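Quick note on my numbering: the sequence shown kicks off at 434 and runs consecutively.
If you're looking for bench data, these hints aren't it; they were derived computationally from the structure.
Be aware that a few hints might be false.
What the hints assert, rightly or not - Calculated lysine-lysine pairs in the DSS-like style (CA-CA distance at most 27 Å, straight line):
#	residue 1	residue 2
1	K563	K516
2	K571	K589
3	K434	K487
4	K524	K563
5	K571	K587
6	K487	K448
7	K589	K564
8	K563	K523
9	K473	K488
10	K571	K434
11	K466	K516
12	K523	K461
13	K461	K473
14	K589	K523
15	K589	K516
16	K448	K434
17	K587	K461
18	K516	K434
19	K487	K473
20	K524	K589
21	K466	K448
22	K487	K524
Keep in mind it's a predicted model, so treat the numbers as computed, not measured.
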Amino acid sequence: KTTLSINLAYIFATKYNRVLLIDCDLRKNTLHKYMGLSNKHGLTDALLEYRQTKKLNVEYFQSVNDPSFAGTMAVLTSGIHIKDYINELKKSFDFIIIDCAPVGMISDAIPIGNAVDGTIFAISSQDTNKKDAANCVKLLQRNNVNVLGSVLTKAKSISGSHYYYY
């Protein structure tokens with residue numbers, strides 16, 4: 434996918450003056466490696482700054498020139514790895530608990546799961562079927578996420594049970 438993205442950007446850069454190639458793969462960001470660019474600053478930094486200023490800072494963009502280009506192609510690498518940031522946070526806290534998006538809907542849990550020591554998989558008994566839950570756990574494991582265990586939420590109580598709390 435990265436090679437395809439780079440090649441498409443190069444093709445469009447031969448015809449159009451303003452082409453931007455962005456690396457949004459925060460899990461396996463390799464665009465900067467293929468293109469020989471720095472990944473010290475990039476998309477993650479640009480987004481954080483944009484959130485504060487609501488202004489686009491082109492200083493995060495790196496320029497690529499080629500004689501065949503109609504103009505200059507800009508590249509926005511992914512920027513700091515989430516893993517690097519979490520490792521820095523670990524120096525200041527005894528425990529870090531991160532609430533992620535659902536695994537099956539958005540893949541954000543995978544790069545974050547790779548950056549942390551372990552993941553607890555929460556399953557809603559009323560909203561998640563067994564097959565989907567098993568597939569999500571397999572997806573995490575295939576991507577080397579350390580699944581420590583699971584927690585079943587929204588479980589219906591058995592009436593008359595003296596263990597029922599709420």
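Hint check:
Distance check on the hinted pair: K563 and K516 sit about 31 Å apart at the alpha-carbon level, beyond 27 Å; violated. With a C-alpha separation of about 26 Å, the suggested pairing of K571 with K589 holds against the 27 Å cut-off. Distance hint between K434 and K487 is unfulfilled; the C-alpha atoms sit about 30 Å from each other, more than 27 Å. Among the hinted pairs, K524 with K563 is inconsistent with the structure: their alpha-carbon atoms are about 38 Å apart, more than 27 Å.
Using a Cα cut-off of 27 Å, the hinted pair K571 and K587 holds, with the two alpha carbons roughly 22 Å apart. At most 27 Å may separate the alpha-carbon atoms for a hinted pair to count; K487 and K448 exceed this at roughly 30 Å. For the given pair, K589 sits about 20 Å from K564 by alpha-carbon distance, which is consistent with the 27 Å threshold. For the given pair, K563 sits about 34 Å from K523 by alpha-carbon distance, which is inconsistent with the 27 Å threshold.
A distance of roughly 20 Å separates the Cα atoms of K473 and K488; the hinted pair therefore holds under the 27 Å criterion. For the given pair, K571 sits about 23 Å from K434 by alpha-carbon distance, which is consistent with the 27 Å threshold. Distance hint between K466 and K516 is fulfilled; the C-alpha atoms sit about 18 Å from each other, no more than 27 Å. Of the supplied pair hints, the one linking K523 and K461 holds, its CA atoms being roughly 22 Å apart against a limit of 27 Å.
A distance of roughly 15 Å separates the Cα atoms of K461 and K473; the hinted pair therefore holds under the 27 Å criterion. In summary, the hint linking K589 to K523 is not supported, as the alpha carbons are separated by about 37 Å, beyond the 27 Å threshold. Our distance criterion of 27 Å between C-alpha atoms is broken by K589 and K516, whose separation comes to about 37 Å. For the hint linking K448 to K434, the alpha-carbon distance of about 22 Å falls within 27 Å, and the restraint holds.
For the suggested pair K587 and K461, the alpha carbons sit about 34 Å apart, so the restraint of at most 27 Å is broken. Annotation: proposed proximity of K516 to K434 holds, straight-line Cα distance about 22 Å (limit 27 Å). Between K487 and K473 the alpha-carbon distance is near 22 Å, which keeps this suggested pair within the 27 Å criterion. Distance hint between K524 and K589 is unfulfilled; the C-alpha atoms sit about 40 Å from each other, more than 27 Å.
A distance of roughly 25 Å separates the Cα atoms of K466 and K448; the hinted pair therefore holds under the 27 Å criterion. For the given pair, K487 sits about 31 Å from K524 by alpha-carbon distance, which is inconsistent with the 27 Å threshold.
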